[in-house]
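Novice: So you can see what is in the structure, the chains are spelled out below.
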Amino acid sequence: MRSIRLVAAIIRWDVIREMRRRDTVPNMILFALLVLFVAQMGIGPDRGPESAAGRVGPVFFWITVLFAGTVGLARAFSVERESDGLGAILTSPADLGLFYLAKVAATWAYVMVMSAAALGIYSVLFGFSAWGKLGLILGAEAVFSLAYIAVGVVLAAMTSSTGGASEVLLRILLFPMMIPIVWLTLRTSERLFEAEIAGGALGPPIRPMHFFAAALAFDTIYLCAGYLLFPKVLEE
Amino acid sequence: MSLTAAGPPPMDLRTVPLPGHMALGWALVIATLALVGFRVPAADVKIGESYLIFFFHFPSAINCLNLFFFAGLASMYHLWRRTPGSDLWAASAVEVGVLSCVVTLVTGSIWAKAAWGEWWVVSDPRLMSVAIMFLTYLGYLALRSAVEEPLKRARFSAVFGSIAMLNIFVVYFSVRIFPVENHPMKVELVDSSMRLTQWFGAGAFLVLYTAFWRLRFRLLCAREEVERLDVEISAVRP
Chain Z
1 MRSIRLVAAI IRWDVIREMR RRDTVPNMIL FALLVLFVAQ MGIGPDRGPE
51 SAAGRVGPVF FWITVLFAGT VGLARAFSVE RESDGLGAIL TSPADLGLFY
101 LAKVAATWAY VMVMSAAALG IYSVLFGFSA WGKLGLILGA EAVFSLAYIA
151 VGVVLAAMTS STGGASEVLL RILLFPMMIP IVWLTLRTSE RLFEAEIAGG
201 ALGPPIRPMH FFAAALAFDT IYLCAGYLLF PKVLEE
Chain U
1 MSLTAAGPPP MDLRTVPLPG HMALGWALVI ATLALVGFRV PAADVKIGES
51 YLIFFFHFPS AINCLNLFFF AGLASMYHLW RRTPGSDLWA ASAVEVGVLS
101 CVVTLVTGSI WAKAAWGEWW VVSDPRLMSV AIMFLTYLGY LALRSAVEEP
151 LKRARFSAVF GSIAMLNIFV VYFSVRIFPV ENHPMKVELV DSSMRLTQWF
201 GAGAFLVLYT AFWRLRFRLL CAREEVERLD VEISAVRP
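As you go down the protein sequences, you meet chains Z and U in turn. Residues in the first sequence are numbered from 1 upward in steps of one, following the working numbering. Residues in the second sequence are numbered from 1 upward in steps of one, following the working numbering.
These are calculated hints, taken from the structure and not from any lab test. Check each hint, because a few of them may be wrong.
What the hints assert, rightly or not - Straight-line C-alpha distance at most 20 angstroms; calculated EDC-like pairs for lysine to aspartate or glutamate: (1) U:LYS152 with Z:GLU167; (2) U:LYS152 with Z:GLU194; (3) Z:LYS232 with U:GLU148; (4) Z:LYS232 with U:GLU149; (5) Z:LYS133 with Z:GLU196; (6) Z:LYS133 with Z:GLU194; (7) Z:LYS232 with Z:GLU18; (8) U:LYS152 with Z:GLU235; (9) U:LYS152 with U:GLU227.
Make a model of the complete structure from these sequences and hints.
Specialist: The structure is reproduced here in C-alpha cells:
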C-alpha cells in the first residue's frame, strides 16, 4: 500500500511539472504532426484501402508513434538531470524500482495522449475511416507504447548521462529492440486499419487477440527486466 | 588443489597459448573447406550447389548465438559481482559475435539469392530476427564508445548486454512461433558426411572465434590499463 502511494506521488509530481512546463507532450504532438505531414506529401491524393495511403499509411502511423515517443523518453531524464531530481531520488530511501515504475507510468500517459492526437492527425491526412476499430487501435497503441517505454526508460536513464550524443544514442539502442513489436503491430494492422499493408510482403496478418497476447508478453518481460536493472543504472 | 602446486587446470582457456589456438582454429577451418570440397555431395537435389554455403553459414550462426549468450551471462555476472574482467569478457564476446553475425548475414543473403532469388526476404522471421540482433549489438558497441568513465561504461554495458540477451530467444523461437515455408527450421542433411561436415565446421569455427575472443579480450585489457595509467600520470603531472 505504501509502495502504491509512493508510485502515485512520483507520477503526480511528474504530471504537475509537465503541466507547468508543457515541454514534453506538445513537442511530441508537434513532432508527430510534422512526420505525418511530410509522409502524406509522398503518397498522392488517392485514399482508401487499395491506395498508397492505405498500403503504407499504417506503417507511417506506427513509426510516427515510435519516433515521437522517443522525444518524450529523451526528455524524461534530461529534465531530472537538469533539475537535480535524480540526486534527490538517490538520497531518499525510496526503492528505485518503484521510481522506475512511476516514470514508466507517467511517460506512458504522455505517449498515450500523443498517440491519440496522432490518430486524429492521421485520420485527416490519410483518410482513415475504420472508426469501428477505434477501441482495438487504441488498445494496440497502449500495448505497443508500453513495450518501448518499459525498455526506453532504462535506456534513457543511461544515455542522458552520456553528454551531447544522448538522444541519438537512445534511438540507436532502442529502435533495434523494438523491431519485433513493430513487426507484430504491422502484421495485425491489416485487420485494424482494414488495408493491405506493404502488398502483403510482411506475411499473413495476425489476429488482434494473438497480437495482444504476444505484445503483453513483451511488455511483461520488458517491465520485469526494467524493474530489476533500473537500480543498477542509477547507482553511483 | 592449489595453482602453485599442480599448475593451472588444463582446460582453462587462458592458459592455452594464443598463437597456437589461432593456428589451430585456421587449420580446422581449412579442414572444413577440404571436407566441403571432397567429402559432401556437390549438389543438393532441391537447391543445387548453393547448399554448400550452408557449411559456413550454420557454424557462424550457431557461434554467433553462443558468443552473444556468453556476453549476456558475463554481463549479468558483472552486475552481480562487479569484476572488471567479466565486463571485458562480455565486450570482447560481443565484438567477435558481431563479426560472426556479419558472416552469418552475408552467407545467408548469398544463399537466399541462390535458393529463393532474393537477397533479402522481409517476411522471413529468422532472417529479420538475426538482423535485429546484429543491430542491437552494434548499439552495444556504440554505447561503450559513448561512455568514457570506465566504471560507468562497464555498468551500462552490463545492463544493456543483459537486456540484449533477450534477442537470442527471439531468434531461437522466431521460426517456431511464426513458421514459414522457405526458411528451414531443421535442415535435412540426409548423408552422414553432410552431418559430419556440419558439426565439424561448427567446432572449427568455435575454436577460431574463441581465439579471436581471447585476442580481443587481451587488447581490451591492455586498453583499460593504458587508460588507467593515463589517469594516474595526469594526476601526478604538475
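Novice: Each hint: holds or not?
Specialist: Checked hints:
1. U:LYS152 with Z:GLU167: Holds - the C-alpha atoms of GLU167 of chain Z and LYS152 of chain U are around 18 angstroms apart, at most 20 angstroms.
2. U:LYS152 with Z:GLU194: Measuring from Cα to Cα gives roughly 48 angstroms; hence the hint is violated.
3. Z:LYS232 with U:GLU148: 18 angstroms, holds
4. Z:LYS232 with U:GLU149: Roughly 16 angstroms separates the two Cα atoms, so the pair holds.
5. Z:LYS133 with Z:GLU196: Status holds; Cα separation ~15 angstroms.
6. Z:LYS133 with Z:GLU194: 9 angstroms, holds
7. Z:LYS232 with Z:GLU18: With a Cα-Cα distance of about 26 angstroms, the restraint between LYS232 of chain Z and GLU18 of chain Z is violated, given a limit of 20 angstroms.
8. U:LYS152 with Z:GLU235: 10 angstroms, holds
9. U:LYS152 with U:GLU227: 14 angstroms, holds
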